[in-house]
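Build the complex: two chains, separate frames, hints provided.
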Amino acid sequence: GAVVSQHPSWVICKSGTSVKIECRSLDFQATTMFWYRQFPKQSLMLMATSNEGSKATYEQGVEKDKFLINHASLTLSTLTVTSAHPEDSSFYICSARGLAGNLREQFFGPGTRLTVL
Amino acid sequence: AQRVTQPEKLLSVFKGAPVELKCNYSYSGSPELFWYVQYSRQRLQLLLRHISRESIKGFTADLNKGETSFHLKKPFAQEEDSAMYYCALSAISNFGNEKLTFGTGTRLTIIP
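Those sequence lines, one after another, are chains A and B.
Our numbering numbers the first residue of the first sequence as 1 and each following residue consecutively.
Our numbering numbers the first residue of the second sequence as 118 and each following residue consecutively.
Next up, chain B with everything else stripped away, as it sits in the complex (with noise of 0.2 angstroms):
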């Protein structure tokens, strides 16, 4: 079965600090990796997944497989950063659906 882990559950940064949020994942396909945001008072949204291989919002994060790594990093952070980030797998169910297992999830807070 796959499972996401995020081991930080709280994480405070200063305004202009770098930024790295951790997961790993253990999966014995292959994975397709995600980050999802949820800023104050908004629904879940998707940052971005490993094989877009895009930066948004001034984010990227590297698929690192011989560590079973996805981790979340920013060079600079910005006060609207402040959001609960969420790591996710998908996978083939065992009845063929494609599902999404997330972490626990880190809140991230920006100091000013």
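If we strip away everything but chain A, and leave its shape as in the complex, we get (with noise of 0.2 angstroms):
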């Protein structure tokens, strides 16, 4: 199957301070990539949409210029936490989705916790 790799798969940072984490779909192209927050029990709630070449979506309530998304090209997605508090803390999951065929499901990679102190 598809694989989608997140870099780093954790992060501590301190308060104040930017954090980026990259989404790489690794043997196919991606044309629309997903960004999920889960919270400790809780289920995964999607933050947006980013579509190769264009601005990302962003689901209501989520603010767009603290959570910056690039979809610069069909293998890399990244979000830049900007000025991250500690209500950030959270594990951030993307997935990756193609054009045709089984690469019409979304495929996810294996999350990244971030902890900002």
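In short, the hints are calculated from the structure, not lab data.
A portion of the hints provided could be inaccurate.
[Said to hold, decoys possible] With a straight-line Cα cutoff of 30 angstroms, these simulated DSBU-like cross-link-like pairs (lysine-lysine) come out: (1) A:LYS64 / B:LYS216; (2) B:LYS174 / A:LYS41; (3) A:LYS41 / B:LYS190; (4) B:LYS216 / B:LYS139; (5) B:LYS132 / A:LYS41; (6) B:LYS190 / A:LYS20.
As the structure is a computational prediction, the values presented were derived from the model and not from experiment.
Below is the structure:
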């Protein structure tokens, strides 16, 4: 099956700093990538959807100036948490979807655990 | 707005016994429903989708539009079925994007 990687797998940062998380589709071209957030013992909540070469669309309640998403190529999307605060601590998961056939489903990355001190 | 409900957070079943994980949804359009599974220390992966009408690892799920349900079933549980299971609904967002809405998940534990 198609593989999606995320880097880093975990990160600890100080309050006020920015953190970048990368999401890569390793063996297919991802026309659409999704970013989710998961709090402990809760479900995945979609934050934003990004299509390659265009601006991301954010879900209601998600601050686009705080969570910057870039989808510059068909294999890479980045999420930057700007001026992170402890309440941003969470598990961030990306998924990627290709164009046709079996690639139409979403393939999930392993997630990135962010801890803001 | 769409919503997915999984009423059981935890479910324990003896090995060899039948399993049923409940999922109910609300959506004004024509739903496309999925079950995802997350085994310990692994990423989320697709288990099955309703349009395929297939059985994966012995699991099946039937979409019941009258009851707005998409329960996941397996006649004989196996220890390797222990995992977190999420029901999800695919819908078109206000922006015209296809998006998945997940339920809160059910942790299934198979008792040897």
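Going through the hints against the structure:
| no. | hint | in the structure |
| --- | --- | --- |
| 1 | A:LYS64 / B:LYS216 | holds (18 angstroms) |
| 2 | B:LYS174 / A:LYS41 | holds (26 angstroms) |
| 3 | A:LYS41 / B:LYS190 | holds (23 angstroms) |
| 4 | B:LYS216 / B:LYS139 | holds (21 angstroms) |
| 5 | B:LYS132 / A:LYS41 | holds (25 angstroms) |
| 6 | B:LYS190 / A:LYS20 | violated (40 angstroms) |
Checked against the numbered hints listed earlier, the structure breaks hint 6 alone; every other hint is satisfied.
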